[in-house]
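Q: Sequence:
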Amino acid sequence: MQIKKGNVKQKIKKSAKELFFVMPYKDVSMRDVAQKSGMTVGNIYRYYENKEILFDDIVKSCFDEVMTITKINNYAKKFTQKNVVINKKKVYKNSRFKNYLLNMIAKTISNNATELYILINSNEGSKYERINEELISVVKSSMMDIIENLDEHRANIYSKTALTTILYILQEYIHDKQNLLKETSSFLENFFKIFE
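Residue numbers (the working numbering): 363 to 558.
It is possible that some hints are incorrect.
EDC-like, lysine to aspartate or glutamate: derived pairs with alpha carbons at most 20 Å apart [stated by the list, open to error]:
| # | residue 1 | residue 2 |
| --- | --- | --- |
| 1 | Lys371 | Asp419 |
| 2 | Lys375 | Glu411 |
| 3 | Lys422 | Glu411 |
Across the chosen pairs, the derived CB separations fall in these ranges [said to hold, decoys possible]:
| # | residue 1 | residue 2 | range |
| --- | --- | --- | --- |
| 4 | Glu380 | Glu491 | 28 to 36 Å |
| 5 | Tyr462 | Ser391 | 40 to 48 Å |
| 6 | Asp418 | Val384 | 16 to 24 Å |
| 7 | Lys469 | Lys522 | 20 to 28 Å |
| 8 | Arg516 | Arg393 | 40 to 48 Å |
| 9 | Arg408 | Thr523 | 38 to 46 Å |
| 10 | Asn465 | Glu380 | 24 to 32 Å |
In case anyone wonders, no lab produced these hints; they're calculated from the structure.
Nothing here was measured: the structure is a model prediction, and the numbers come from that model.
Ideal Cβ placement from N, Cα and C applies to all residues, glycine included.
Using the sequences and the hints given, assemble the complete structure.
A: Here you go:
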């Protein structure tokens, strides 16, 4: 009995995910993926031209969602810069906007737990290698916009702390979507309350 093409691709992707979950991108070979999925290397290459395309297939939609959040955050900043009358803090402290943004972040984390963990933790050697720095930069920039007298050094420390904590929450609740959403939402809410 012949296995359908879509099922083979899903099997390859699942095996690769399991490998990228425990090893960085740079240390996983197509041979490893073939061995994990019980296929020949040649068969893997029929479905994925190279490791970069395979990794991209795993993390791209998650990366796109993360970038959407970044764009929304940047839009809020541009809006406050264009409308000088509006205090920057008012946009971020506006409960509707803040809740919308925090809920979007929490849902993105919860809905893409494995992919996000791989994107943040296993990106070394991939084209996404700078994603951690980009995320820290976005959080740092936002914090400096809304918190009075916050210097860049402290903002950098707080941003790195936030990313490390989210990675820890992902590790703890990766297979428990309900608690992952709950814990992520709770952390984000409490983290930003510190600065109000």
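Q: Taking each numbered hint in turn, which are not upheld by the structure, reported in ascending numerical order?
A: Number 4 only.
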